[in-house]
Amino acid sequence: MENTQQTESKIIELKPFADEMVVNMGPQHPSTHGVLRLELKLDGEVVREAIPHIGYLHRCFEKHSENLSYPQIIPFTDRMDYVAAMNQNWGFCLAVEKLLEADESRDFEVPERAEYLRVLICELNRIASHLLSFGTYGMDIGAFTPFLYAFRDRERLLLLFEKVCGARLTYNYIRIGGVSEIIPLEPGSITEQNFLDEIEAFLDYFEPLIDVYNELLTKNSIFAERTTGVAVMSAEMALNYGATGPNLRGSGVDWDLRRDEPYSIYDRFDFDVPVAVDVPELGSVVGDCWSRYKIRMDEMKESVRIVRQILAEGLPSGPVMADLKAVRPPKGEIYFRSEAPRGELGFYIVSDGTPKPVRLKGRSPCFSALSALQELSQGLMVADIIAIIGSIDIVMGEVDR
Amino acid sequence: MDKYIRNIYRGVYTVLVGMRVTIKQFFEPNVTHQYPYEHDYEKKRNVREIPKGYRGQLYNRMEDCIGCKKCEMICPVDCITITGTKLPKGEQLWDSMNIVHLKDGREAIGIIEGDDKKAKSEDSVTLTNITSRQGPQEVIDRLEPSGDAGRIQTFSSDEISRIVTRNPVVFYLDQFDIDMSLCMYCGLCTEVCPTECLTMKDTLAGVEYSKFDRSDLIFRFDKQEMYNKSGTEDIEAAD
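Residue numbers (the numbering used here), protein chains in the order written: chain U, 487 to 887; chain Z, 63 to 301.
Hints are computed from structural coordinates only; laboratory data are not their basis. Please note that the accuracy of each hint is not assured.
[To be verified] Below, in silico cross-link-like pairs of lysine-lysine (DSS-like), each with a Cα-Cα straight-line distance of 30 Å or less:
#1 K584/U x K842/U
#2 K549/U x K132/Z
#3 K86/Z x K787/U
#4 K114/Z x K649/U
#5 K132/Z x K817/U
#6 K114/Z x K132/Z
#7 K131/Z x K817/U
#8 K148/Z x K649/U
#9 K131/Z x K842/U
Work out the full structure, taking the sequences as your base and the hints as a guide.
Okay, structure coming up:
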C-alpha cells in the first residue's frame, strides 16, 4: 500500500509527441534474409524512418575479379545470389560472350544444345528460387507450413541440379561458350533420357501443387490481411528506384527482358509475362506486397510452361561447348543484362585484351529493390517492415556482393 | 454488419481450406530424416545415391601426377600448393604412359605394348607395367580393374571407352598440399588436369570428412614412397 502511494506521488510528465526511439532490427533477425541491419526510428509502433545498413556480406567480388581470369570468376558469381546461382552464372557468361563476339578473328557460336540446356536449367532454378521466396515469406508472416512444403519441392530440384553439375547450391555449371562437361550428358543416351524423365516427373508433381499453395497461403485470409494494401509501390516509384523483375511487374509495369529484349533462345518459346492487377475480393491493389508475391507464384507456372516446351522438343544433339581456345576478349567494354529471378542482372566488364578484366561491375536487382524500402516503410507499423522485406525478396549476398 | 459476417465466414473458410491441405500431408510418409542417426545415403529411408561426378573432397593419385601445376594456376582461391624439383635436363622419372579408361568406370595405367604408344581403341590393347594404386580403399575398389592379376593385362576394344596418353614425368614432387578448408568446390582443377589424376571423390567419404581441427583439413599427398619403392622398381623393370 505504501508503494502505490509513493508511485502515485511521482509526477509523470506525458509528452504528446514522444522522442523517436531508435531500434536496430537485425543483422541476425530471421526475416532479414541474410544479414541486413535496419535502423528503425520509431514513434510508438509507427516507423518514421527505416535506414538499411548493408555490407555485412561484402566479399569484394568486383575488386577480386580484377585479379582472376574469366573462367575463374564464374564460381564467384555463384556466391552473389546463391539462391539462383545458375542465372548468375548465365548473366556473367552472356556478358563475356558478347564481349568475345566483338573479336572478328574469332568465329564462335554457343552450340544449340548448350542453349537449350541453359534455358532448361535456369528456368528450373527460377522455380527453385521463387519456391524459397514463397516459403520464407510465409514464414516471415507467421505461416510455418508453406515453408516446409516449399523446401520439400526445392529439394527435388536441387537433386536434379546435383545430377547435372555435381553441386547442390554453387553450381559453376554454365561456362563461357557453353555448359560444363564435368558430368557428361551424351545426346540420346540413357542418362539424358533419365534426366529428362525426372524433370517431367517433377513438373507433373509440381504443377498442381502451385494451385494447392495458392489455396494454402495466397488466398488465406490471415495472410491477405497482412499483405494486401501494404506498402504500395506505384509504377512511377518502381521505375524511379530501378526496381526490376517481379517487383516491377508487381507495380503493373509490363516489362520482362526475356520477352522484350530476348537473349539466347527465349524468342522461340511461348510464355506470358504475369503483371499485377487489382484483386478487389481480397482488397489487393497494384503495387502492394501481395501483388509482388503473387507475381512470383504466377511466374513459376510460366517457367513450368517453358520447361515443358523444351521437353516436348527434346534436347538437340551436338556439342555443349563452343571451340574456345582461350578466353581473351578484345579491348572494349560491355554491359549486358539478363532476367534473373529477382530482376535485371547486369554485368559491366572493361577489358584491355588480357585474360583478366580491368574492371567488373555487377548490377544487382536486390540492391535497387532494397533502396526503395526507406520510402515504402514510412508511416507503417514495425510488423509491416517484415512483410515488405519478404515481398521485395532480397538476397543479401547479391546486395553486398 | 453484412461485411462483418462475410469477413468471419471468409476467415474460417480459408483456414479450413488450408487445414484440408495440411491434413492430407499427415497421412503421407515423412520426407525428413534424423540426420546423424538416419543417414541420407544409408538405405534406411530416403534412399538416394550420391550422383556420379559429385564434387566432394579432392583426391590426387600421386603416381599419375606429372607436376604440371595447372591445377595450382586455375584454382581461384589458391588452396593447392605444389613444390617440385626439376630433374636434370634429359632425365625423366619414367616414360610416358597410357591411361586406359574402361566402360564400367574403372581405369588402368601402364605402357601399351608395341611401338605405337598412342594406340587407338580399335583393337585389343595389351598394357604392360600396370602401376599399383594408392589411396583409400573405396577409391581403389572403384578404379582397380577386376582382372588385375599380373603386371600385364589385355583389354578388348569393347571394354575400352578411351585412352589418354600421359606425359613423361620430369618433376620430383616434394609437396602436394590441398587445403580443403579453403576449397570452394568449383571443380575447375579437375577439368584442367591433363592426366585426370586430380579428382573429386563422389563417394560417401568424399562428402563426410569433417574434422575437429582445421589443420587436419590440409591433405598432404606424398610421392616420396613411390620414388623409393614401387616407382623406381617399375621403371627398371620397364627398361
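Verification of the supplied hints:
no. : hint            : in the structure
1   : K584/U x K842/U : holds (16 Å)
2   : K549/U x K132/Z : holds (24 Å)
3   : K86/Z x K787/U  : holds (23 Å)
4   : K114/Z x K649/U : holds (7 Å)
5   : K132/Z x K817/U : holds (26 Å)
6   : K114/Z x K132/Z : holds (24 Å)
7   : K131/Z x K817/U : holds (29 Å)
8   : K148/Z x K649/U : violated (40 Å)
9   : K131/Z x K842/U : holds (19 Å)
Checked against the numbered hints given earlier, this structure breaks only hint 8.
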